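There are 2 protein chains.
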Amino acid sequence: MPTVGIIGGGQLARMTAPAAIALGVRLRVLAADPDDSAAQVVVDAPVGDYRDAAAVTAFAQGCDVVTFDHEHVPMPLLEDLVAGGAVVRPRPQALRLAQDKAAMRACLTSLDVPCPRWATVRDKAELAGFAAEAGWPVVLKTPRGGYDGKGVLVAENPDDAAAWLARAGQPGGTGLLLAEERVAFEQELAVLIARSPSGQAAAWPVVQTVQVDGICREVTAPAPGLDPGLAAEATRIGLRIAGELDVVGVLAVEMFQTAAGPDGAPGDAGGRVLVNELAMRPHNSGHWGMDGAVTAQFEQHLRAVLDYPLGETSLTAPAVAMANVLGGRSSADGGSAMGIDERVHHLFAADPGAKVHLYGKQVRPGRKIGHVTVLGEDMTSVRARASAAARWLRDGVGE
Amino acid sequence: MPTVGIIGGGQLARMTAPAAIALGVRLRVLAADPDDSAAQVVVDAPVGDYRDAAAVTAFAQGCDVVTFDHEHVPMPLLEDLVAGGAVVRPRPQALRLAQDKAAMRACLTSLDVPCPRWATVRDKAELAGFAAEAGWPVVLKTPRGGYDGKGVLVAENPDDAAAWLARAGQPGGTGLLLAEERVAFEQELAVLIARSPSGQAAAWPVVQTVQVDGICREVTAPAPGLDPGLAAEATRIGLRIAGELDVVGVLAVEMFQTAAGPDGAPGDAGGRVLVNELAMRPHNSGHWGMDGAVTAQFEQHLRAVLDYPLGETSLTAPAVAMANVLGGRSSADGGSAMGIDERVHHLFAADPGAKVHLYGKQVRPGRKIGHVTVLGEDMTSVRARASAAARWLRDGVGE
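As given, the protein sequences belong to chains A and B, one line each in that order. By numbering that gives the first Met the number 0, the letter at position 82 of the first sequence is numbered 81, and the numbering carries on one by one without gaps. By numbering that gives the first Met the number 0, the letter at position 10 of the second sequence is numbered 9, and the numbering carries on one by one without gaps.
Chain A on its own, in the form it takes in the complex (with noise of 0.2 Å):
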């Protein structure tokens, strides 16, 4: 059976193991730490540095593919594993509009997919030029390096964006900010796509997101009460992208679905659904799968690089909840004396269909540490119940 590496030790990488153990897939991960998430339980879990190319060479070496984590992996040293022979998905050149959100924004723009209006800014005047056009606030991105919430700035007016300005503007920094018009939004979506080399593609069913300050907190499977054709036309919009920009494993194209049109139509040519963010690998988005869908995210995302036909995606269950788990405060900063293990004890007995996922990750408060799935008839209480269940996890006190 064949081996497939992944460059990142990450919870993404640990969630790929279950997966790995149940097609007969040798994984291998490299990990920046031998603590990592991944690197606990995979067995073939070299620690090295994903920016040393010499590291990065020899562990590929080992591996029939080599697939990702994390987009932070420098470009030219993938360009470097490709020449040499390496079998890297998706391939740097698509990779790259995942790191770089201003050529993501740009490559995008090119193919008439909606967007939330955009331009790149080197200084105050051209924040100001823009804002003058797409209105205040004006959220500002680094192009590269941001997640969950880092990375991102909401600017009220220029001098809210004068220190990242400058330090775009220094060595070693972007040169420039991402510049978007903040979008009213009825609802945040998200589509997953997983294409094959050989270029077949699967969908799942367009999801609910809940972000707050910037972190996924929860997903609903599927979108509740989501018009159809909106439905159809956001899937169709991430199948162009997946096909477009030659995406192979899974992709995930988060959207903002803004309020109707003038003329009310779903999915009229005044665009109801912009794409807000791109990430070719597993993601938040998709965790609810692992419970809630015939084939999960991590298993499919196996199954595309390695160039296996798709799995089904359909839902196992009408309803399916998936809330994170964040890191609550310490023991030492108010927050309860009660630990994991016990907390999740008290779980089960409050839920007994709770899933429960935990990343093996050090408590910090706002961290990812997990996730929790519940699957049931109906949407309102699945959901009530995840995230019940996650805020236990992380208080590990009742409301």
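Hints in this document: simulated from the structure, not taken from any laboratory. Since the structure is predicted, the reported quantities are computational estimates derived from the model, not experimental observations. Ideal placement from N, C-alpha and C gives every residue a C-beta, glycine not left out. Treat each hint with caution, since some may be false.
[Claimed, not checked] Cβ-to-Cβ under 10 Å is the rule here; a few derived chain A residues that face chain B:
no. : residue
1   : Met14
2   : Pro17
3   : Ala18
4   : Gly83
5   : Ala183
6   : Glu276
7   : Val293
8   : Gly310
9   : Thr312
10  : Met337
11  : Ile339
12  : Ala348
13  : Leu374
14  : Met378
15  : Ser380
[As the list claims (entries may be wrong)] Anything over 12 Å on all C-beta distances counts as not near chain A; from chain B, calculated:
no. : residue
16  : Ala118
17  : Pro157
18  : Gly213
19  : Leu225
20  : Leu273
21  : Glu276
22  : Ala316
23  : Ser330
24  : Ala383
Assemble the complex: chain A is given as a structure, and chain B must be docked to it using the hints.
Coordinates of chain B only, in the frame set by chain A:
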């Protein structure tokens, strides 16, 4: 988080790994060989002989709880382990009944649990005496060490049993054989129960099993067309055995469903279900739950031995079918030249909904090397799909 140690590195330990990863529980496996099914995928998998007291004691020292992939660990060794302070679940007093089928029969009979007629026999005369009451053929079992049809002989007459009786009587032999009435059954059923040290118990729906040459081929959940009264009776028997024997962890109770008695009442006093075999560990008849139950047996076994509250056992689809993948003939012996990896490719193209679980085992004809599960609305359809998938993976040729 706690560490659970499993003695034995077979596929049951392997399939426990994904459950441990999700729960954040640390898993430790005592493997017989570094290539064992579980040792391939579990980071902490020391190699040692389960019959070696020093090896087992050293292994147990790193564990909060010790449990089992198989029932072959010598009883004195387990008793010493408990005397030395290790937490062993199930406890040796219960496990000895899974090790010794004659002891199990005596215990069940003392509890008035319905069983086939049985006796222990030491020679042809005793066997003939038993057959005079129970009729020929007689099912002869070595009380210890049998599995997958090994250790079972259907004797048509005393001479058929001569070699087995002679072997039992040799030094190192068991001294006797277990003789059982051959039951004319309508179907075979299995009841899986999980039970915690605190006494909580949970039962999965009763399933039908189909055995060929003593090896489980198919399991369908729930057992199709099973009378609800009889299902309740079977579950009651399973729960009673788990409680009376103080089992901790998963208990599998394999049963025969016989034709209705003269009064035709389901579950009547004449006994319409008879207990065939017991296993005190996750069991082949529960593999369907990895895809088809809210809580799979491997997660439930971990929860039980750690005394976490048990998980919901309901089905995630109306009909679930599991088929075992057996090793087929090698290409040198006239089998397909297509490797397992290529067979999986073809299977996924033919059936995107088939869930494949491979055990990382060398293919040998008739050896269990994996299983396939299919979920759906209609039992006839999912059963045909699971069966076709397993046959394809075995043979690599169409029908």
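For which of the previously enumerated hints does the structure constitute a violation, in increasing order of number? 4, 5, 6, 10, 14, 15, 22
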